[in-house]
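2 protein chains.
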Amino acid sequence: MKFLAEINVMPLKEILDPQGKAITGSMKNLGLSEIQNVRIGKHISLEVEAQNEIIAKEKVNQACKQLLANLIMESYNFELKTI
Amino acid sequence: MKFLAEINVMPLKEILDPQGKAITGSMKNLGLSEIQNVRIGKHISLEVEAQNEIIAKEKVNQACKQLLANLIMESYNFELKTI
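Protein chains in written order, with the working numbering: chain A, 1 to 83; chain B, 1 to 83.
The hints are simulated quantities; they were obtained by calculation from the structure and are not laboratory data. These figures come from a predicted structure and were not determined experimentally. Any given hint could turn out to be false.
[Stated by the list, open to error] Using 25 Å as the maximum straight-line C-alpha spacing, the simulated DSS-like pairs for lysine-lysine come out as follows: (1) A/K57 x B/K21; (2) B/K28 x A/K65; (3) B/K2 x A/K42; (4) B/K65 x A/K42; (5) A/K21 x B/K65; (6) A/K2 x B/K81; (7) B/K42 x B/K81; (8) A/K81 x B/K28; (9) B/K65 x A/K81; (10) A/K65 x A/K81; (11) B/K28 x A/K42; (12) A/K28 x A/K81; (13) B/K2 x B/K57; (14) B/K28 x B/K2; (15) B/K65 x B/K28; (16) B/K21 x A/K2; (17) B/K57 x A/K28; (18) B/K21 x A/K21; (19) B/K2 x A/K81; (20) A/K42 x B/K57; (21) B/K2 x B/K21; (22) B/K2 x A/K57; (23) A/K13 x B/K28; (24) B/K65 x A/K28; (25) A/K81 x B/K42; (26) B/K13 x A/K42; (27) A/K57 x A/K81; (28) A/K28 x B/K2; (29) B/K2 x A/K21; (30) B/K42 x A/K57; (31) A/K65 x B/K42; (32) A/K13 x B/K81; (33) A/K28 x B/K81; (34) A/K21 x B/K81.
Bound-form chain A, shown alone (with noise of 0.2 Å):
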């Protein structure tokens, strides 16, 4: 079976986000200033093939582990879907 999965990646709320911090200054320039606390992070789409969906959902959290997230500055959540 195949699966995809969409991942979220982001830093961790104890953690400063300077890149969001930009941002949400800029929202004010941009006469948006009813944005706040802009966060930004990554999202990654991928296709796990596995048997069944207990296995992909292994697979996934390998490759964050090991590749995607750095746990010690972000944390992670993910979707599967069947395709």
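Please arrange chain B on chain A, whose structure you already have, making use of the hints.
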């Protein structure tokens, strides 16, 4: 009312994603050759203050079009939640 927007900005399908290609290659080296077609974009979370959901959506669309996404090379989608 306050809304939380979760925005995904992804490179268009027609456009080569070199970062995604590199990650796809690295997956093989990690023993995760089941993982294919990696594409990398941005995930942005932000808070928006608005009278109702329609106005909030409009604000987020404006922010995406003017600042967060480059519509020549990227597409975006988002979800709004009340907080």
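Practice task
Verify the proposed pairing of A/K42 with B/K57, using a straight-line Cα cut of 25 Å.
Solution key: Status holds; Cα separation ~22 Å.
Problem - Given hint A/K81 paired with A/K28 - CA-CA distance at most 25 Å - result: violated (38 Å)
Practice task
Verify the proposed pairing of B/K28 with B/K2, using a straight-line Cα cut of 25 Å.
Solution key: violated (44 Å)
Practice task
Measure nothing beyond the straight line between the CA atoms of B/K2 and A/K42; if it is 25 Å or shorter, mark the hint as holding.
Solution key: OK: B/K2 and A/K42 at ~24 Å, within 25 Å.
Exercise for the section: With a cut-off of 25 Å on the C-alpha distance, tell me whether A/K65 and B/K42 pass. Expected result: holds (18 Å)
Practice task
Measure nothing beyond the straight line between the CA atoms of A/K65 and A/K81; if it is 25 Å or shorter, mark the hint as holding.
Solution key: holds (20 Å)
Exercise for the section: For the pair we were handed, B/K65 and A/K81, check the Cα-Cα distance against 25 Å. Expected result: The hint is violated at about 28 Å.
Problem - Agreement of B/K42 and B/K81 with the hint, judged by alpha carbon distance not exceeding 25 Å - result: Given pair B/K42, B/K81 holds - Cα atoms ~19 Å apart, limit 25 Å.
Exercise for the section: Would you mind confirming whether the straight-line C-alpha gap from B/K2 to B/K57 stays at or under 25 Å? Expected result: holds (12 Å)
Exercise for the section: Would you check the hint for B/K65 and A/K42, treating anything up to 25 Å between C-alpha atoms as holding? Expected result: Status holds; Cα separation ~18 Å.
Handout entry: Satisfaction of hint between A/K65 and B/K28, Cα-Cα up to 25 Å
Key = holds (15 Å)
Exercise for the section: Would you check the hint for B/K65 and A/K28, treating anything up to 25 Å between C-alpha atoms as holding? Expected result: The hint holds at about 15 Å.
In summary, the numbered hints that this structure violates are 6, 9, 12, 14, 15, 18, 19, 21, 22 and 23.
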